[in-house]
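Participant: Respectively, the protein sequence lines represent chains G and U. Heads up, this note's numbering is the position in the first sequence plus 1, with the first residue counted as 1. Heads up, this note's numbering is the position in the second sequence plus 122, with the first residue counted as 1.
By construction, these hints were calculated from the structure, which means they are not laboratory data. One or more of the hints may lead you astray.
Below, in silico cross-link-like pairs of lysine-lysine (DSSO-like), each with a Cα-Cα straight-line distance of 27 angstroms or less [to be verified]: (1) 44/G - 71/G; (2) 76/G - 255/U; (3) 105/G - 154/U; (4) 3/G - 255/U; (5) 333/U - 3/G; (6) 155/U - 105/G; (7) 337/U - 255/U; (8) 333/U - 7/G; (9) 7/G - 105/G; (10) 7/G - 158/U; (11) 105/G - 160/U; (12) 105/G - 158/U; (13) 30/G - 76/G; (14) 7/G - 255/U; (15) 7/G - 160/U; (16) 44/G - 30/G; (17) 158/U - 3/G; (18) 160/U - 333/U; (19) 337/U - 3/G; (20) 3/G - 160/U; (21) 105/G - 3/G; (22) 30/G - 71/G; (23) 154/U - 3/G.
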Amino acid sequence: MKIISKLWIFIVLLIVLSPLGLLLPDHFKAGSAWGEWGPDEIKNLVGFMPQGLEKLSHLWSAPFPDYAFKGWEDKPLLNLSFAYLVSAVIGIVLVVFVTLILGKALSVKDKKQESL
Amino acid sequence: MHIPDGYLGPATCGFFYLVMLPIWSVASGIVKKTLKAKQVPILAIGAAFSFVMMMFNLPIPGGTTGHAVGGALLAILLGPAAACIALTVALVIQALLFGDGGISALGANCFNMAFLLPFAGYYIYRLISFNAKPGSNRRVIAAGAAGYLSINLAAFLAGVEFGIQPLLHHTSSGQALYCPYGLNLSVPVMVFEHLFIFGWVEAVITALVIKYLLKHSPELLIDGERS
Numbered sequence: 002m003k004i005i006s007k008l009w010i011f012i013v014l015l016i017v018l019s020p021l022g023l024l025l026p027d028h029f030k031a032g033s034a035w036g037e038w039g040p041d042e043i044k045n046l047v048g049f050m051p052q053g054l055e056k057l058s059h060l061w062s063a064p065f066p067d068y069a070f071k072g073w074e075d076k077p078l079l080n081l082s083f084a085y086l087v088s089a090v091i092g093i094v095l096v097v098f099v100t101l102i103l104g105k106a107l108s109v110k111d112k113k114q115e116s117l
Numbered sequence: 123m124h125i126p127d128g129y130l131g132p133a134t135c136g137f138f139y140l141v142m143l144p145i146w147s148v149a150s151g152i153v154k155k156t157l158k159a160k161q162v163p164i165l166a167i168g169a170a171f172s173f174v175m176m177m178f179n180l181p182i183p184g185g186t187t188g189h190a191v192g193g194a195l196l197a198i199l200l201g202p203a204a205a206c207i208a209l210t211v212a213l214v215i216q217a218l219l220f221g222d223g224g225i226s227a228l229g230a231n232c233f234n235m236a237f238l239l240p241f242a243g244y245y246i247y248r249l250i251s252f253n254a255k256p257g258s259n260r261r262v263i264a265a266g267a268a269g270y271l272s273i274n275l276a277a278f279l280a281g282v283e284f285g286i287q288p289l290l291h292h293t294s295s296g297q298a299l300y301c302p303y304g305l306n307l308s309v310p311v312m313v314f315e316h317l318f319i320f321g322w323v324e325a326v327i328t329a330l331v332i333k334y335l336l337k338h339s340p341e342l343l344i345d346g347e348r349s
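Whole structure, please, built from the sequences with the hints as guidance.
Facilitator: Given below as structure tokens:
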């Protein structure tokens with residue numbers, strides 16, 4: 002098998018395993034990454050709400066916040082794992098699509114080049 | 123290491139966007155001259171690899187989480203400029219779609235993870251593997267060291283960016299407006315968690331993938347070194 006095909010299979014394997022990135026921190030009771038707390042969390046941590054932080058934190062409302070579906074914050078872990086997996090698929094498909102287009106546009110044109 | 127919206131004040135956000143604009147432009151120019159059409163699928167796989175790596179949050183039990191980035195790995199395979207473009211794509215999609223990293227902080231996050239990380243990783247690899255034979259173990263060690271050191275540099279810089287906020291922006295009574303933690307906390311936390319845990323994860327992943335590719339498909343790496 003060509004190395005490129007093997008590498009793609011490796012990516013698919015990582016996507017399938019991606020919910021571990023949600024389940025492991027939950028199992029070991031680890032919270033958010035340092036400096037990535039939501040506004041409510043930071044208020045609990047430091048005892049006040051930094052005013053600029055509160056305003057700026059609402060700058061953008063992502064369609065899949067924290068690799069989950071909107072409104073799924075309180076769903077069981079099984080549902081969240083499913084959403085995490087779906088997010089990985091959506092994210093990777095988009096990343097691959099954009100880099101292929103960018104790469105094609107930027108890469109050195111060779112008249113004799115073979116197709117991908 | 124994905125700084126969210128609200129942690130960096132407008133001065134820091136604007137500064138890093140301004141710094142990233144010429145970097146993106148120069149990196150695209152270099153990619154235009156050096157990236158071969160047959161490397162494009164590797165660029166896509168590299169960006170996808172980095173994206174999914176950053177989803178593997180690893181816990182410090184009872185504490186925080188962190189993850190590998192794979193930036194040095196991409197740079198060793200594709201050169202630092204192409205790695206910069208691939209990582210930028212991953213970071214932009216993470217910010218826009220998944221709210222992982224802020225829109226206002228995107229310039230800073232790209233500087234840390236799409237510029238400093240792959241460029242530092244690349245030159246550390248080149249330095250340590252200088253004159254090493256293609257099959258030499260020194261290349262594998264160089265790759266591990268590049269992964270370890272580059273993610274620590276990026277973490278240090280993120281710590282500095284967090285930590286200067288209380289100095290730059292506060293109310294007249296001294297209350298922080300953005301990130302409330304100063305350098306005395308942000309830098310040690312960011313650096314130690316990467317020195318002791320996440321840096322090693324990055325090192326092992328970088329070294330293992332490079333070891334595998336050196337054995338099975340060394341031509342992929344040599345291309346990254348301006349053949």
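Participant: Any hints this thing doesn't respect? Which numbers, in order?
Facilitator: 2
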